[in-house]
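S.K.: This is what each chain is made of:
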Amino acid sequence: MRISELLSSEVVDETGRSGGWVHDVRISGEPGPGEEAAPFRVVGLVIGGGRLPHAWGFAEGRATGPWLLRVLTARGARQARFVPAARVESWEAGTIRIRGRLGDLPRLIDELHR
Amino acid sequence: MRRRVIALVAVLLVVASAVWYGHAPPRSAQAYQSRAEETAEALRSQARAAELWVRAAAAGTVTRQAATVAIEDAESDARATASRFDRWDPPPELASTRTELTSTGAELVETLTRLRVATHERRWEDLPEVAGGLGPLADRLTGDLTALRRGLR
Amino acid sequence: MFAFTLGTLSAIGGFIDIGDLVADALVGARFGLALAWVTVVSVIGIACYAEMSARITVQTRRPAFDLIRSRLGPGYALVGLVGAFAVTGLLVMAELSGVALALQLATSVHYLLWVPVVAAVVLLLIWVLPFETMERIYGLLGLTMLVFVVAVWHLDPDWPRLWSSATTPVPPASESWPAYLFFVVTLIGAQMTPYEMFFFSSGAVESRWGPKDLTEMRVNVLVGFPLGGLLAIAIQAVAFLVFFDAGIQVEHLAETVLPVGLALGKLGLAIALLGVFAATFGATLETLFSTGYQIAQYFGWSYGKVQPPAQAARFTTVVVGLLLLSTALAMTTLDPITVTIFAVVFSATVLPLTFLPVLLVGNDRQVMGQLANGRLSNTLGTVTLAISTVAALAALPLLVLTRGGSS
Amino acid sequence: MTDHHSVRFTLLDQQVVDADGRRIGRVDDLLCDDPGPGGEPVITHLLSGAEALGDRLGGLTGKLMAAVSARLRTTPDGPSRIPADLVADHADLVHLRVRLADLPDVAGLERWLSAHVISLLPGAGDADQ
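Chains as they are written, first to last, in our numbering: chain A, 1 to 114; chain B, 115 to 267; chain C, 268 to 674; chain D, 675 to 803.
Derived by calculation from the structure, the hints in this document are not laboratory data.
Check each hint, because a few of them may be wrong.
[Said to hold, decoys possible] If you want the footprint, here are the derived chain D segments under chain A, 3+ residues with CB under 8 Å: (1) 686 to 699; (2) 708 to 715; (3) 762 to 775.
[What the hints assert, rightly or not] Chain C stretches covered by chain B per the calculated footprint, using a threshold of three residues with CB under 8 Å from any CB of chain B: (4) 373 to 379; (5) 511 to 524.
We put the CB at the ideal spot given by N, CA and C, even for glycine.
Given only the sequences and the hints, what does the whole structure look like? Please build it.
M.R.: Here it is, written out as structure tokens:
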């Protein structure tokens, strides 16, 4: 499975409701031979809010300006949700099924400031 | 797939019509008239430019090499402008406009050709005399332009 | 201190290329100084983005455009890349022809005979000359174009008339609004040249700029570009003074330099021609390299003038290939002036795609830290982005509507 | 803050640099395994080169890019892969722990051009410096 396939997949919850496309993939892991080395792994997916807030870095909070672009993407950035890997039922590229309902998913901003 | 084909065809049509718009001959009297104006303006510009170069060369403010190049350019530009205008059919009511502009164009091309030959033969002192016809030609074109613009209203 | 002034001076000379030489004279002859405000706007815009991209370079030690792909995604970045490739292909052809035309005016040997000679010299220089030397030599020689500014005074202008033309940003009686707007877009395309930024920031990487070079860079941008803009306005002004009343339209490079001859004589003309030669020659190298950089950076290849060619084989191949392609294009006898106008108009259409990612990266605090954009950069950057977006959308419709500006 | 980060900004599309600091390509895609329900997929390889990129872009352009690149490839199967455990650091650039010379199926075109075209010209320098 390629990451690009994940990035063009649709997320569907157990009631069959679609949460839209995967806009970002959250990864973790520290490469290298050292003590704390751990392989890169996918810890979750990001959905909702449209493409641009994620592409431009506003959803993740890495960019705060310029003002105009922030305002344009503010709504989307607030709507973005985080899908923890533990909630994923099947990783099949194309359609990713998750347990529970979309409404239960944490918002991305909350997850980032946890 | 089908949508993509339709989009592609649409884009090609837009491009083709844009190119056509740029190159199509004028169809209405009004379009012909505005092309005639453009032609007169271009011819006048070429006449005045050549005149300016000749005067500058005579006064010694530009090099002969540069003046030669500029005169060659003016000639080929005028030839191109005149022959392009010649290819368009005039609407009947503007036949006289065509006759007038074509003959002025031909005269201008002829003058510029003689000028070019003179520069190639290095007859530098003759240039102002050969170019003497350019001023009146430019004035005639200004007259044509005024007449054209008056006719438009 | 010496490098200081040297860099500033080459920014002045580097501002002008074939697009400016053609568009400024053309606009001056037809519109007087009624479009001078576009040059002012363009200078502010390009200076803002050049400063931003150089700051990004200083912080990340990578050219700003290295980061385009991660911001736009590979798809849009590819669109930008293909667009830029097509535009620079045309531009290199125009710049090469510009060098050849300058040589033709000096020798009256037809320019098509000069094109292959010039191309061969460019090829040789790419191979042997280090980056900075190249940039400096042509930047400094390009300074001779300041004779255009001197020529304005020597033509003894009616200053109030110049001023009133500059402060009346509407088309003169003889011109239509579409034509006016078309040349607004043309000037934006000619003066906000993305390759200047590409080159600026890629060059900064190759000369290994650090935070201590930030001041030098800012001086270069904030002094060099406005002076370059002044030069552009001077070209418009002399064309206005000599051609406007006579109704002469500028159709050749010869007419760009004629006013200097009229004002300052043969010597002035020769100096102006040297300036044209240097500016177009330098711009040929810059456009070639910036395209090479852009392609290499998109795919992540190694690139640059610092490495020996064999260590940047794909980069070198692309640059040489593009040079050969453009030479072939120039030899088709397509009119270089027309090609220049088309190239700068197309260049305006891809402008927002180069500005947006730079603006985004400049605001990325995780990448930029202390050097992230301030309020001034962001305000000017957003306004410039908006202007360039409008210009990009209007460019092609205006090109068709005005038949390339002829009506 | 959390201990995970966005793949778009830290890994995907980033510049890959070998142990000598030489640019060898971009992270055009990432390969991961399927962990089954509730598991975390582990990223096993970085994919680099126009073939992986073409697959990712899709459409006519992508297919063309992938096909041309696959045709130029000298090694047998699939887009060039770099094992993910060779990554030393990925703060900004993705640094590898090995040299380009140790990755036989990466940047094939660069090697070929370097060896067969550019090096043969005078003043080109040495590809393996």
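S.K.: Run every hint past the structure and note whether it holds.
M.R.: Quick rundown of the hints versus the structure:
1. Figure legend: the region 686 to 699 of chain D, annotated as covered by chain A; annotation inconsistent (1 residues with Cβ-Cβ distances under 8 Å, at least 3 required).
2. Using a Cβ-Cβ cut-off of 8 Å, 8 residues of the region 708 to 715 of chain D lie near chain A, which meets the minimum of three, so the contact claim holds.
3. Check on the region 762 to 775 of chain D: 4 of its residues sit with their Cβ under 8 Å from a Cβ of chain A, so the three-residue criterion for coverage holds.
4. A count of 3 residues in the region 373 to 379 of chain C with a Cβ less than 8 Å from any Cβ of chain B is obtained; the coverage claim is therefore met, three being the minimum.
5. Counting residues of the region 511 to 524 of chain C whose CB falls under 8 Å from any CB of chain B gives 9; the rule of at least 3 is met.
Violated hint: 1 only; the structure is consistent with all others.
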